[in-house]
Amino acid sequence: MIQSIAQKEFVSTLRDRRFVVLSVLLLALLLAATLVGRASYRTLQQERMVAQQTVNDQFHHQPNRHPHRVAHYGSFAFRPRSGLSFLDAGLDSFTGASVYLEAHQQNSVNFSQAQQSGSLIRFGELTVAFVLQVLVPLLIIFLCFSAFTEEHETGTLKLLVSQGVPLRRVAWGKIAGYGRAVVLVVGPALALAAWLLFGEETFVHNADVWVRLALFVVSYAVYFFLWIVGAVVVSARQRHGRSALVLLLGCWMLGCIILPKATANLGATLFPTVTKAQMDADVHEAAQKGINGHDPQDQRTAALKANLLKQYGVDSEEKLPVSVGGLAMAESEAYTSKVYQQHFADLTGTYERQNAISNWVGLLNPYQAIRPLSMGLAGSDFAHYVHFQQAAEDYRYQLVQRLNGLQASMGYGDKERKLDAATWQAIPTFAYQAPPVGWALGYLLLPALALLLWAVGLSWLGLKVIDKTPVV
Amino acid sequence: MKIFWILVQYEWRHFRAAKGLVVLTGLVLLVGLYGIYYGTTEINRQRQHLAELPTLARHNVEELKAKFPEPEDAGNIGYYHTTFAVHHPLPWASLSLGQRDVNPSYVKLRLLGLQGQLYAAENVNPTKMLSGNFDLAFVLVYLFPLLIIALCFNLLSSEREQGILPLLLAQPVSAGVVVGAKLTFRLGLVLGLAWLLSAVAMGWAQVPLDARVGLWLALVTLYCLFWFGVALVVTAWQRPSAFNAVAMVGLWLLLLVLVPGLLNVYVAAKRPVPQGIELTVKQREEIHGGWDKPKAETMNRFFALYPQWRDTTTIKERFVWRWYYAFQHLGDQSVQPLAAAYTSGLRQRYELVEQLNWLSPAVNVQTSLNALAGSDLPTHLAFQQSVVRYHDALRAYYYPFLFNKTPFTHADYAGEPIHTFTSTSETPTAVQGLWKLLISTIVVGSIGWWLLRARPVALR
Numbered sequence: 001m002i003q004s005i006a007q008k009e010f011v012s013t014l015r016d017r018r019f020v021v022l023s024v025l026l027l028a029l030l031l032a033a034t035l036v037g038r039a040s041y042r043t044l045q046q047e048r049m050v051a052q053q054t055v056n057d058q059f060h061h062q063p064n065r066h067p068h069r070v071a072h073y074g075s076f077a078f079r080p081r082s083g084l085s086f087l088d089a090g091l092d093s094f095t096g097a098s099v100y101l102e103a104h105q106q107n108s109v110n111f112s113q114a115q116q117s118g119s120l121i122r123f124g125e126l127t128v129a130f131v132l133q134v135l136v137p138l139l140i141i142f143l144c145f146s147a148f149t150e151e152h153e154t155g156t157l158k159l160l161v162s163q164g165v166p167l168r169r170v171a172w173g174k175i176a177g178y179g180r181a182v183v184l185v186v187g188p189a190l191a192l193a194a195w196l197l198f199g200e201e202t203f204v205h206n207a208d209v210w211v212r213l214a215l216f217v218v219s220y221a222v223y224f225f226l227w228i229v230g231a232v233v234v235s236a237r238q239r240h241g242r243s244a245l246v247l248l249l250g251c252w253m254l255g256c257i258i259l260p261k262a263t264a265n266l267g268a269t270l271f272p273t274v275t276k277a278q279m280d281a282d283v284h285e286a287a288q289k290g291i292n293g294h295d296p297q298d299q300r301t302a303a304l305k306a307n308l309l310k311q312y313g314v315d316s317e318e319k320l321p322v323s324v325g326g327l328a329m330a331e332s333e334a335y336t337s338k339v340y341q342q343h344f345a346d347l348t349g350t351y352e353r354q355n356a357i358s359n360w361v362g363l364l365n366p367y368q369a370i371r372p373l374s375m376g377l378a379g380s381d382f383a384h385y386v387h388f389q390q391a392a393e394d395y396r397y398q399l400v401q402r403l404n405g406l407q408a409s410m411g412y413g414d415k416e417r418k419l420d421a422a423t424w425q426a427i428p429t430f431a432y433q434a435p436p437v438g439w440a441l442g443y444l445l446l447p448a449l450a451l452l453l454w455a456v457g458l459s460w461l462g463l464k465v466i467d468k469t470p471v472v
Numbered sequence: 001m002k003i004f005w006i007l008v009q010y011e012w013r014h015f016r017a018a019k020g021l022v023v024l025t026g027l028v029l030l031v032g033l034y035g036i037y038y039g040t041t042e043i044n045r046q047r048q049h050l051a052e053l054p055t056l057a058r059h060n061v062e063e064l065k066a067k068f069p070e071p072e073d074a075g076n077i078g079y080y081h082t083t084f085a086v087h088h089p090l091p092w093a094s095l096s097l098g099q100r101d102v103n104p105s106y107v108k109l110r111l112l113g114l115q116g117q118l119y120a121a122e123n124v125n126p127t128k129m130l131s132g133n134f135d136l137a138f139v140l141v142y143l144f145p146l147l148i149i150a151l152c153f154n155l156l157s158s159e160r161e162q163g164i165l166p167l168l169l170a171q172p173v174s175a176g177v178v179v180g181a182k183l184t185f186r187l188g189l190v191l192g193l194a195w196l197l198s199a200v201a202m203g204w205a206q207v208p209l210d211a212r213v214g215l216w217l218a219l220v221t222l223y224c225l226f227w228f229g230v231a232l233v234v235t236a237w238q239r240p241s242a243f244n245a246v247a248m249v250g251l252w253l254l255l256l257v258l259v260p261g262l263l264n265v266y267v268a269a270k271r272p273v274p275q276g277i278e279l280t281v282k283q284r285e286e287i288h289g290g291w292d293k294p295k296a297e298t299m300n301r302f303f304a305l306y307p308q309w310r311d312t313t314t315i316k317e318r319f320v321w322r323w324y325y326a327f328q329h330l331g332d333q334s335v336q337p338l339a340a341a342y343t344s345g346l347r348q349r350y351e352l353v354e355q356l357n358w359l360s361p362a363v364n365v366q367t368s369l370n371a372l373a374g375s376d377l378p379t380h381l382a383f384q385q386s387v388v389r390y391h392d393a394l395r396a397y398y399y400p401f402l403f404n405k406t407p408f409t410h411a412d413y414a415g416e417p418i419h420t421f422t423s424t425s426e427t428p429t430a431v432q433g434l435w436k437l438l439i440s441t442i443v444v445g446s447i448g449w450w451l452l453r454a455r456p457v458a459l460r
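So the protein sequences, as listed, match chains A and B. Residue 472 is where the first sequence ends in full-length UniProt numbering, and the numbering goes up by one at each step. Residue 460 is where the second sequence ends in full-length UniProt numbering, and the numbering goes up by one at each step.
Check each hint, because a few of them may be wrong.
[Claimed, not checked] Negatives, chain B to chain A, calculated, CB over 10 Å:
1. L258
2. F302
3. R389
[Claimed, not checked] Straight-line Cα separation of at most 35 Å, DSBU-like style, residue types lysine-lysine; simulated pairs:
4. B/K405 - B/K282
5. B/K316 - A/K276
6. B/K19 - A/K468
7. B/K316 - A/K415
8. B/K405 - A/K415
9. B/K270 - A/K415
10. B/K282 - A/K319
11. B/K108 - A/K418
12. B/K282 - A/K338
13. A/K319 - B/K436
14. A/K310 - B/K67
15. B/K67 - B/K316
16. B/K19 - A/K338
17. B/K108 - A/K338
18. B/K405 - B/K108
19. A/K305 - B/K19
20. B/K293 - A/K418
21. A/K338 - B/K270
22. B/K19 - A/K415
23. A/K276 - B/K19
24. A/K8 - B/K316
25. A/K289 - B/K19
26. B/K293 - A/K415
27. B/K316 - B/K293
28. A/K289 - B/K108
29. B/K19 - A/K418
30. B/K316 - B/K436
31. A/K305 - B/K282
By construction, these hints were calculated from the structure, which means they are not laboratory data. Even glycine gets a Cβ: it sits at the ideal position worked out from N, Cα and C.
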């Protein structure tokens, strides 16, 4: 019975000209968004790879220099886009592309695309995720709002029920039928995306991307399912098609437009962010308590020197096999890095608290559950961004300490000398390894749970309500 | 005419009885008030942050005074001394935050190369930026059309569906008068709400009462009228309510989601802007190369730019500050073309959007409101220009110390130039937007009016 109702809904949907026009439009948009996302992913990725290669080459081909010169020359870390980010660009447009890695300080990640797009980007970017998260639910609403009201208005529902079909079955049949129609619209685009991924030689043997894509598809399937169920339930409870439509559109506006913005802003109001200027000042203040690598007068440097003299059993700095300057730099770097880490951890913690509000609202609003889930699977969410920052900082620290070590081993009077150009060739360059999907899932438990709760809760409660709806 | 007002009165009673609509209007009012609250607190927060900067700068000077109790080589001071270039918002920015969250509102400066410092990002949560601002402009541009749609999607169709329309038109009134009365009532409601919110926001943000108030109200009013024009067209089509709702939401999607999204893609492809990466990479190369080049070569290049500081002594020391600052400046000079290309690329993008924004009145109104509030890209670029000038002034202040080898005393801190920049309204842009909007509104309105007159009203 469910099958035949599903078939009927599916066929009549295909005959409905409005639906066909809308879905062709949506499919075209999806395909366009896939290709546009793909193209922009390629250009950006290419640009960043070339840039990373350039700075790496520049680093390796430095002339004879003092190691501390090289530490200040530093390097750049360019954030590679993740393989699936062409489906969901997530935060990529709002986070910078590159970070300058140098001695003594941690820099911000600069040059975001949002700064370059003017106010247009504020209307939302046309990405696959945007179409799937915001526009497909609209299609579902237009498709399903009259699921029951039309049968009510034409009186066919009575006929159906009088034949002994429980309402619940009718509802399931309709849900199955609409589900097929939605798959028909969304399926080709996702198939194209998969095919594009398959065509990319670097991904062919990468199981991680496939797992991510599979989970991506499953998440959206659940998301669409709950919109369909919700729309059918509303349609069953409302007398007229237009009131069902207005109610559903109201839910859509609230869930997809108003709530996400409001909660994000609320988070920022509740947990204010420290400004960069203030943070820099705080870091500076705290770092003063450590050793100041640039100041030979500093008492702590003197203490370090005295210790070294004792350790090596010599009576003057000239006789030391190591450079006091280099060791002082290394200690100062260790200290300031710790201070920076502390402050960055605090800042990241503040952001996470701000974001947590949005994530918890996911329990009330499925849109705010699918969004982090989708971004996380596409590797473009906040956790992935922090992971990159952390990797860049780890590299920076290792690099600077390695150079400080080189300086220390130069012995007394290092400032007057330089190391051979070949030295820089031996230093490894920055290479970023994106985290595996298992790591990402750890951050996605709450949204995944919220989505499942919605799907199960709606099917259970909603259909119970439908069962009790009187057919008059 | 009397009948007209009776109809308007009847609409008012009808509205009061329809709970859903009252709730919806109340909701929009509340959401609007929240938008105003958010916008003003956000701008106040920025103002407060900017107000804290002088304290930070003062601390820095105190620290330096303690570190260098005696007159000191100015090179040391320039290296450790930080100052701030600040971008103060207009009160109007509270109503339309524009790009003020994406672009930093201050730049921290030392005497070093400018290009390495100019683009530093502020601490902002990218997740929050993705969600965007909830200011009054958002409520007006994004949500008001939805309110208008909710109020107007069943303008005649609900009467037709309830079977009242034949009875109504059996009276000595024309369909035009009925539609006119219904529209007038809704127009009064929506515009009343828009003006009320605008007035509250202006009072709250304490904007100066000048011509810009009129400009803001004109933009908002015309934008609402545009959407009523859309409602008129859809009503004249005479389809069922559900179809009207679908058609109007479809148009909303087209103008507020699809056109801006496609425009963004088009503009990015048409006017590619170098990511800024090339610029910083090249600048680093130049500046750090400065250490390895012969000092005489660097100084001669510098003296070609600043002949007034040409000295006859050859630098023999391993390190002197005037040489250091000379190659810092040469590093800036070498990326000058790239920096100019970056800025002009951004400006060209902005101008292309300006040329194409008649495609969507929503984009047009948003850019106009941002221009009015001085919170858009041109203002930020103007701020960056002022930072460049400030950096020039700083260098001009320090060069005599460095090249005449004058020691920098404690009194000299006070003589340092100070930067201040306040946004200005880009009124011409906003006025131009108003004209475009007027044309769109007239076109849509007259199509609707013409359709309504040309097609006989279907009674069922």
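Now the hints, each set against the structure:
Not every beta carbon of chain A lies more than 10 Å from that of B/L258, the smallest distance being close to 7 Å; the non-interface claim is violated. The claim that B/F302 lies off the interface holds: its Cβ sits roughly 20 Å from the closest Cβ of chain A, which is beyond the 10 Å cut-off. Taking the minimum C-beta to C-beta distance to chain A, about 21 Å, the non-interface status of B/R389 holds against the 10 Å cut. A C-alpha spacing of about 31 Å is found between B/K405 and B/K282, which places the hinted pair at or below 35 Å, so the restraint holds.
Between B/K316 and A/K276, the direct Cα distance comes to roughly 40 Å. Violation of the 35 Å bound is thereby established for this hinted pair. In summary, the hint linking B/K19 to A/K468 is supported, as the alpha carbons are separated by about 26 Å, within the 35 Å threshold. Annotation: proposed proximity of B/K316 to A/K415 holds, straight-line Cα distance about 16 Å (limit 35 Å). A threshold of 35 Å between alpha carbons decides the hint, and for B/K405 with A/K415 the separation of about 24 Å falls inside it, so the pair holds.
Only pairs whose Cα atoms come within 35 Å are accepted, and B/K270 paired with A/K415 is rejected, the gap being roughly 51 Å. Proximity of B/K282 to A/K319 is assessed by CA-CA distance (about 41 Å); at most 35 Å being required, the pair is judged violated. Taking the CA atoms of B/K108 and A/K418, the gap is near 33 Å; set against the 35 Å cutoff, the hint holds. Taken as a hint, the B/K282 and A/K338 pair is honoured in the structure, with Cα atoms around 30 Å apart against an allowance of 35 Å.
With a CA separation close to 80 Å, the supplied pair A/K319 and B/K436 exceeds the 35 Å bound. For the suggested pair A/K310 and B/K67, the alpha carbons sit about 30 Å apart, so the restraint of at most 35 Å is met. Note on B/K67 and B/K316: the hinted pairing holds, with a Cα-Cα distance of about 28 Å set against a maximum of 35 Å. Of the supplied pair hints, the one linking B/K19 and A/K338 is violated, its CA atoms being roughly 60 Å apart against a limit of 35 Å.
Restraint check for B/K108 and A/K338: satisfied, since their Cα atoms lie roughly 23 Å apart, inside the 35 Å limit. Only pairs whose Cα atoms come within 35 Å are accepted, and B/K405 paired with B/K108 is accepted, the gap being roughly 26 Å. Using a Cα cut-off of 35 Å, the hinted pair A/K305 and B/K19 is violated, with the two alpha carbons roughly 81 Å apart. For the proposed pair B/K293 and A/K418, the alpha carbon gap of about 14 Å is at most 35 Å, so the pair holds.
A hinted pair counts as satisfied when its Cα atoms are at most 35 Å apart, and A/K338 with B/K270 does not qualify at roughly 45 Å. Between B/K19 and A/K415 the alpha-carbon distance is near 81 Å, which puts this suggested pair outside the 35 Å criterion. For the hint linking A/K276 to B/K19, the alpha-carbon distance of about 49 Å lies beyond 35 Å, and the restraint is violated. Under the criterion of a C-alpha separation no larger than 35 Å, the hint pairing A/K8 with B/K316 is inconsistent with the structure, at around 92 Å.
Using a Cα cut-off of 35 Å, the hinted pair A/K289 and B/K19 is violated, with the two alpha carbons roughly 65 Å apart. Between B/K293 and A/K415 the alpha-carbon distance is near 17 Å, which keeps this suggested pair within the 35 Å criterion. For the suggested pair B/K316 and B/K293, the alpha carbons sit about 14 Å apart, so the restraint of at most 35 Å is met. The suggested pairing of A/K289 with B/K108 holds, with an alpha-carbon distance near 23 Å, which does not exceed 35 Å.
Annotation: proposed proximity of B/K19 to A/K418 is violated, straight-line Cα distance about 82 Å (limit 35 Å). Restraint check for B/K316 and B/K436: not satisfied, since their Cα atoms lie roughly 66 Å apart, outside the 35 Å limit. Proximity of A/K305 to B/K282 is assessed by CA-CA distance (about 39 Å); at most 35 Å being required, the pair is judged violated.
The earlier numbered hints that this structure contradicts are 1, 5, 9, 10, 13, 16, 19, 21, 22, 23, 24, 25, 29, 30 and 31.
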